[in-house]
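There are 2 protein chains.
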Amino acid sequence: MQVSYASRFDGISGSAIRDIFKLLTNPSIISFAGGNPASSALEPGRISQFAQEVLAENGVNILQYGQSEGYAPLRESAATFFRHNAVEARPDQVLPLAGSQQGLDLICKALLNPGDAMLVESPAFLGALQTFKLYQARLVPIEMDEGGAIVEDIERKIIAERPKLIYLIPTFQNPTGRTLALERRRRVAEIARMHGVTIIEDDPYCDLRYRGEALPAIKSFDKGDNVLYLNSFSKIISPGLRVAAVVCTDEEMMRKLVVGKQSTDVHSPNLNQAIIDRYLRSGLLSEHIELICASYAAQMSKMLEMLEGFPESVRFTRPDGGIFLWCELPEGFSATELLPEATRRGVAYIPGDHFYARPGAHHNTLRLNFSNASLENIEKGMLILKELLIEKGL
Amino acid sequence: MQVSYASRFDGISGSAIRDIFKLLTNPSIISFAGGNPASSALEPGRISQFAQEVLAENGVNILQYGQSEGYAPLRESAATFFRHNAVEARPDQVLPLAGSQQGLDLICKALLNPGDAMLVESPAFLGALQTFKLYQARLVPIEMDEGGAIVEDIERKIIAERPKLIYLIPTFQNPTGRTLALERRRRVAEIARMHGVTIIEDDPYCDLRYRGEALPAIKSFDKGDNVLYLNSFSKIISPGLRVAAVVCTDEEMMRKLVVGKQSTDVHSPNLNQAIIDRYLRSGLLSEHIELICASYAAQMSKMLEMLEGFPESVRFTRPDGGIFLWCELPEGFSATELLPEATRRGVAYIPGDHFYARPGAHHNTLRLNFSNASLENIEKGMLILKELLIEKGL
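Chains as they are written, first to last, in the numbering used here: chain A, 1 to 394; chain B, 1 to 394.
Bound-form chain A, shown alone:
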């Protein structure tokens, strides 16, 4: 059939990354490409137990239609859980979501008209960039350094571009692993308030800290209800269950998000929300997070140790947590062009250019994920990568 598609799809193929991931269904490839938790961090037995319990206790309600606002017990337990990130919210200010990505979609739905400006980190999470592009946002990159997004640049661009939204992953950012410094958190909240701009604080990695002190969320400095705080249970419990939540302290905005959710999927599945609620109330989660942190810390150390063995012209980040490292090859090297040969030799990564709002100028960068590869495979995969780069003249 010949149809004309919506103009929001102009220039959206969704294919570059999808093609990489399809390639990775080959199990013999060591993949540093995804953002998956370790399979060993997943707990089918425990989740099955929780599913049985909630269905035995409250089965008919769980299988019946639920509310767009979310499963009430989870709104409560999530509000309590988020306090350890210094996010204070009442249960009715927490909206459970089918993953954080849905939060991005609903926030854009509530706020963006085509052509509205939006500030994004440079580089930024590519899944978020795709959502913003589908809402025809005019993406304005923010400069970053080792301390995360540069606040002076944010303020300059707020004044010049009048954005509606600022999108930040302040802790162990995807793709760089960088963390927004404490003082910058305070200042960016203040600047957003002064200029009436909304911040999306996307915080799925905050519990995966391997060293240093936890930092309070930007949301904790939010005096004008300008910050929408997204957190997810994908990295600490299970991505396949698709449960996250947004904290929204502005009542009118919450109403828009709920109406958007109602018209998008009616409500999130009750069973998944009840399982996460049960986990949060079980008292078992902090121990589980400690366990996965110990393991991811060792994986990160191994990957950093291997990178130390690369020629000095390769630069890379040294995060305090999360699941990603970011590498810059010398100018002239193209991670995009090297990928097919790398995968032929058995190792994959994501070329960094995909993480830029304006791609085409960052082919010398790449993102490496360490959470879903064994120490042995990290060693093996990084050696393959090093050899390949040296052969190519590094």
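These are computed hints drawn from the structure, not numbers from a lab.
Computed from a prediction, not measured in an experiment: that's the story for all the values here.
Given that identical chains are not distinguished, each listed pair holds provided it fits within a single copy or across any two copies.
Below, computed lysine to aspartate or glutamate pairings styled on EDC-like, alpha-carbon distance capped at 20 angstroms:
{"id": "1", "residue 1": "K22", "residue 2": "D92"}
{"id": "2", "residue 1": "K22", "residue 2": "E251"}
{"id": "3", "residue 1": "K302", "residue 2": "D320"}
{"id": "4", "residue 1": "K386", "residue 2": "E328"}
{"id": "5", "residue 1": "K22", "residue 2": "E69"}
{"id": "6", "residue 1": "K223", "residue 2": "E251"}
{"id": "7", "residue 1": "K22", "residue 2": "E252"}
With the hints as your guide, set chain B onto chain A.
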């Protein structure tokens, strides 16, 4: 915070119906307002058993990230299941969804620009109307009679309004319970092909037939890949699990739907898809459907029997299945205005005006749901309604 919301929210409150449903949390009210399956039709024990089995057999994959295209076994079992509606599709032409509502959202995302025309039944499913309005569709009502949407009117309006989409619930329509006649199904598919228009065939009630012969889906007459076929497991298994699927035989359209899904929620939760897949493969579903049909048929008969006792000036539909009846009061009566008094007396319904693309002119209509009320409550609630109407001069 003062923010300017997206213009797609202009004129959308989402509140009228939400307020009615909030009122219904009062358990002493007999509700004919919702669209819920009977609580007795839900099977927590069986679902718990399936959850245990799939987590025991394939737990790590189920809890890990899945694919935007859906859980592969479900794509296959759903394709097989849809054959009994004469819908023939390969597994890769089936996209699992988080409920049919998500299908409406993704189809609009793929196709609609603001102001694009769209034909909708008059009256039409109000949840769908809200989604279409959020995509700023120009809604054009189609005339209906006892045989469903009138095909001549559809063709006339295709020529006059150049719509991109036609939205139909051909079987036991929400809200009227009407079924699109066989010959009209063939003709509407042909007309859509001739004019290059896409039909959304929303078919969640087709398995709830209490008399008469099953009719083939419009999709079965689709020779040009113009029909997107939506089916849901909400009414026959569980709405709280949020699993539905769209059959899309056009490859380019499927790619848009998948990219839209990826950017909206990454993928549907694997556990829910695996549970439904297990149910479809168990061989137990047809027996379960027979059981609920027997019960719903008795409930519908009871409600029709009660309506027969109303003064003759009340007109109502006599569906062959589904979960809704549609009533027309004499001109001058307002179901909208009567609702507060009806709920005070202990019975609720949805005023029919909400189901029109252009509300304001149909206050004498109402929708009655019978699937979630006992025979006793149907008798009691309908007597309350009858008394109220007679008091008001019926």
